[in-house]
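Undergrad: On the provided structure of chain A, position chain B as indicated by the hints.
Chains as they are written, first to last, in full-length UniProt numbering: chain A, 1 to 329; chain B, 1 to 329.
Any given hint could be a false lead.
[Stated by the list, open to error] One side only, chain B facing chain A, incomplete, derived with CB under 8 Å: (1) Glu210; (2) Val231; (3) Tyr234; (4) Lys251; (5) Arg277.
[Said to hold, decoys possible] Just a few of them, taken from the derived set where beta-carbon distance is under 10 Å, the chain A residues facing chain B: (6) Ser38; (7) Glu59; (8) Gly254.
FYI, nobody ran anything at the bench for these hints, they're computed from the structure.
Since the model is a prediction, treat every value here as computed from it, not as a measurement.
Backbone N, C-alpha and C define an ideal beta-carbon position, used for all residues, glycine too.
2 protein chains.
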Amino acid sequence: MSKHWLIRAAFGSACLVIASTQAFAAPLKSWNDGATKSEIIDFVTTVSDETSDKFVPSEDRIAVFDNDGTLWVEKPLYTHAYAIFSEMKRQIEADQTLLTREPWKSVANKDFGYFEQLYATSEYETLASQLFAAPFGGMTSDDYAKWARDFADSFKHPELGVGIDELTYQPMVELIDFLKANDFTVYIFTADEGAFLRVLAQDLYDIPPERVFGTTVREEFVIENDEPLLVRTYRVDHLNNWDGKPRLIQKVIGRTPILAAGNSNGDQQMLQNTALRGGMSILVHHTDAEREFAYDKHTEKVMPLADKEDWIVVDMAKDWNKVLAEASD
Amino acid sequence: MSKHWLIRAAFGSACLVIASTQAFAAPLKSWNDGATKSEIIDFVTTVSDETSDKFVPSEDRIAVFDNDGTLWVEKPLYTHAYAIFSEMKRQIEADQTLLTREPWKSVANKDFGYFEQLYATSEYETLASQLFAAPFGGMTSDDYAKWARDFADSFKHPELGVGIDELTYQPMVELIDFLKANDFTVYIFTADEGAFLRVLAQDLYDIPPERVFGTTVREEFVIENDEPLLVRTYRVDHLNNWDGKPRLIQKVIGRTPILAAGNSNGDQQMLQNTALRGGMSILVHHTDAEREFAYDKHTEKVMPLADKEDWIVVDMAKDWNKVLAEASD
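If we strip away everything but chain A, and leave its shape as in the complex, we get (with noise of 0.2 Å):
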């Protein structure tokens, strides 16, 4: 048994080696030599190495990322919200009489001020499930991933003219490959649903299913003709923003991440856990109007922290020399 250990150890070390050497030969190619890219280089190596005082143990190594304007583009609009969309827009022509009803009948007119007024008056919670759940009561869990799956292999993003896969930032699927050659667990919390990144995330970060977290929607279980279904309904039972990100990291994982990404207003509580807790937070900062879309838009609470907690601010202009990812084959 003992004899066993010994041998497994050994073969286990040299395949660290030599995963290591991989891992490290060039990190964030994609990142420009400086400050932001040094620091979270030094920060990533320094807890990975056993003889740091500012060691942490692999199964404490936990990251957690905001997907939209994070990991990849959100302008014009969220990829969400145009999957929502033209869905929605494929139901009216299938059925007009959703013309008169809510939240069709805005979409068809291009009239956004019921939304409008549900986020005014904070009715966030209704406002998701305008959105993310009625269009899509009473379908089935395994429905939904494929309705998902079909949409994302037929978008064009309306501005760029690229797919799905050309969408994801190339210098953060890099920061996540150099976490995860470091044993770091890599989750996704966005604020879109979860199932619907969920179906997405392996291809584009290589993070499975049970790694990606977002709002969800009430489900049923049934059983119909001995055929197990979880079937939505048209409720979101939480919503992952805000305070709503700590909180389902907390349920989900229940340990604090040392490394956290984000861009906006709605990562605020998930980056201050994190950096009041003593780890990593970065703000990815859209400086960038010739490569991807300059903008400031639902920053002005998480920009004056970054600053006051010590945040790492990614300039993309300036950081990144590669902003947008090339598609795989």
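TA: Below, chain B without anything else, positioned relative to chain A:
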């Protein structure tokens, strides 16, 4: 690059062969030879065998276990209940005014009519809120975890006279180990509060917090003096029993487990979900009055389904040569 990959693959295979040899040396040694043991071993080895037409890739080799009555003793009371009642008694000693308020009043008087009434009228979430949430309202998640740890360290089972680490079923611990040796990812889905069991599961079963789920108490995220805190409220927001189990499994894993184990009506839907989708469901039947407790309460729904849907029924008296685990050093 490709050379590195070849070397890694070669080393990886060597590691796997050695690991497999060790895992297959003597699986399930506390299980008596017979149909139950051999069906379980056959299933696990077949789905892990790349040459089998029933092979399942490791990422889909997911197993879920109930805890009370499946992995450890649940009689005469759930350990979670002992923990809650002992805390409520401590609170009453500190504050006698609690004697006039539910749920403390009923616990102090050992008159459970109040709880039975909530159960009889299907007010399960209120019942769970009164027991799981009310006594701990306002506590931080960190303090709650510390409380759970302290309770576990001092608890002695009132009838068996043993500590918490001798309440687990040795054969089930071996089953978990056997599954993990075959690259299964093993989760616990308990009806107890997940945040309670999560503190204990690493030591008891070598299962980390991010793979332990149960009933949840709504928490609020606040920052006080630059310290991020998750503060417990007085309300349960997910009841992890009956249909709640497959609903939460879908939310957190997003895949259907190919192996599920439970012991009572509360596990019905979780076991059906796996069995009816072609996986193996296991029902632990408490038949051993000598070494544990013999009972059939809360099994009238699952026993006929086990027969109809071809679940494995474990007859504890007959199938296990050892029941309780020995304390680790």
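Undergrad: Does each hint hold? Answer for all of them.
TA: Taking the hints in turn, this is what the structure says about them:
1. Glu210: holds (5 Å)
2. Val231: Constraint on B:Val231 not satisfied, violated at 10 Å.
3. Tyr234: Violated. Min distance 16 Å.
4. Lys251: Nearest chain A Cβ about 6 Å off; hint holds.
5. Arg277: Since the shortest Cβ distance to chain A is 6 Å, the answer is holds.
6. Ser38: Interface hint status for A:Ser38: violated (25 Å vs cutoff 10 Å).
7. Glu59: With a closest approach of 6 Å, the A:Glu59 hint holds.
8. Gly254: holds (3 Å)
In terms of the numbered hints stated before, the structure departs from hints 2, 3 and 6, listed from lowest to highest.
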